[in-house]
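Participant: Each chain, written out:
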Amino acid sequence: SAVISQKPSRDICQRGTSLTIQCQVDSQVTMMFWYRQQPGQSLTLIATANQGSEATYESGFVIDKFPISRPNLTFSTLTVSNMSPEDSSIYLCSVGPDVTETQYFGPGTRLLVL
Amino acid sequence: GENVEQHPSTLSVQEGDSAVIKCTYSDSASNYFPWYKQELGKRPQLIIDIRSNVGEKKDQRIAVTLNKTAKHFSLHITETQPEDSAVYFCAAGGYNKLIFGAGTRLAVHP
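Sequences listed follow chains P and F, in order.
Mapped onto the working numbering, the consecutive letters of the first sequence carry residue numbers 1 to 114.
Mapped onto the working numbering, the consecutive letters of the second sequence carry residue numbers 1 to 110.
Any given hint could turn out to be false.
[Stated by the list, open to error] Per label pair, the in silico range of CB-to-CB distance:
#, chain 1, residue 1, chain 2, residue 2, range
1, F, 110, P, 17, 41 to 49 Å
2, P, 62, F, 5, 42 to 50 Å
3, P, 7, F, 102, 44 to 52 Å
4, P, 79, F, 39, 40 to 48 Å
5, P, 28, F, 12, 40 to 48 Å
6, F, 45, P, 30, 18 to 26 Å
7, P, 67, F, 56, 37 to 45 Å
8, P, 64, F, 96, 18 to 26 Å
9, F, 95, P, 17, 30 to 38 Å
10, F, 2, P, 2, 19 to 27 Å
11, F, 62, P, 44, 21 to 29 Å
[What the hints assert, rightly or not] Computed footprint of chain P on chain F, listed as stretches where at least three residues anywhere in the stretch have a Cβ under 8 Å from a Cβ of chain P:
#, segment
12, 70 to 76
13, 95 to 103
For the record, the hints were derived by calculation from the structure and aren't laboratory data.
Virtual Cβ for every residue (Gly too), placed ideally from N, Cα, C.
Working from the sequences, and respecting the hints, build out all of it.
Facilitator: Quick look at the structure:
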């Protein structure tokens, strides 16, 4: 499976600020996904990031709040904008490294907003 | 909308017993059903998956069954060990999207 890294691994931020999370993969992948996992909860898909096109957002998530970049086939960023304490969560990227449906997760970014 | 229900939410077994976790899904177009194990503070790890053209798949102590007619799939862990203690998530979907169940917290007691 692909080796996936995320930066930062954790951060504590003040409300009203923004944080950009990076996801790096050691091989070219077609599909990259961003998830949110609130404490003790399941994984909720925020958006799908495809290289060369706009990200596709799920219901309840908007581009102004969670802008995403996908400049190439090994890298993506997710920005959490104008943060509030409700944004405190773990943010995970996942990749689909081949033509199958399998997804592999990055280590996650643990975000606390004060 | 698309939904995956997972039961039970918690499961406690004695070491050596079997554990079964069940999921149902709503989207009949789903054709891929993975299971992930998440230990505390770690990322979800894929442990087994099954596709819609297969009814059952086994990997050592872990097996998954799929009933497409009933939109139901299950994870079976035999001879449980303390290191099997974790949260398990089922998911259903396909190439572009996975919908996850709420998770099952499994505790295996020595």
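Participant: Now look at each hint and say whether the structure bears it out.
Facilitator: Hints and how they fare:
Between residue 110 of chain F and residue 17 of chain P, the C-beta spacing of about 46 Å keeps the proposed range 41 to 49 Å intact. Taking 42 to 50 Å as the suggested C-beta distance range, the pair residue 62 of chain P and residue 5 of chain F does not conform, at roughly 27 Å. For the hinted restraint 44 to 52 Å between residue 7 of chain P and residue 102 of chain F, the CB-CB distance of approximately 29 Å leaves it violated. Checked against the hint of 40 to 48 Å, the pair residue 79 of chain P and residue 39 of chain F fails, with Cβ atoms roughly 29 Å apart.
Look at residue 28 of chain P against residue 12 of chain F: about 43 Å separates their beta carbons, and that is inside 40 to 48 Å. The given range of 18 to 26 Å is respected by residue 45 of chain F and residue 30 of chain P, whose C-beta atoms sit roughly 21 Å from each other. Checking the proposed 37 to 45 Å range against residue 67 of chain P and residue 56 of chain F shows it holds: the Cβ atoms sit about 43 Å from each other. The given range of 18 to 26 Å is respected by residue 64 of chain P and residue 96 of chain F, whose C-beta atoms sit roughly 23 Å from each other.
For the hinted restraint 30 to 38 Å between residue 95 of chain F and residue 17 of chain P, the CB-CB distance of approximately 36 Å keeps it satisfied. Checking the proposed 19 to 27 Å range against residue 2 of chain F and residue 2 of chain P shows it holds: the Cβ atoms sit about 26 Å from each other. The hinted range of 21 to 29 Å is satisfied by residue 62 of chain F and residue 44 of chain P, whose Cβ atoms lie roughly 25 Å apart. Note: the segment 70 to 76 of chain F has 0 residues with beta-carbon separation from chain P under 8 Å; the three-residue rule is not met and the coverage is violated.
With 9 residues having a Cβ less than 8 Å from any Cβ of chain P, the segment 95 to 103 of chain F passes the three-residue criterion, so the hint holds.
The earlier numbered hints that this structure contradicts are 2, 3, 4, 12.
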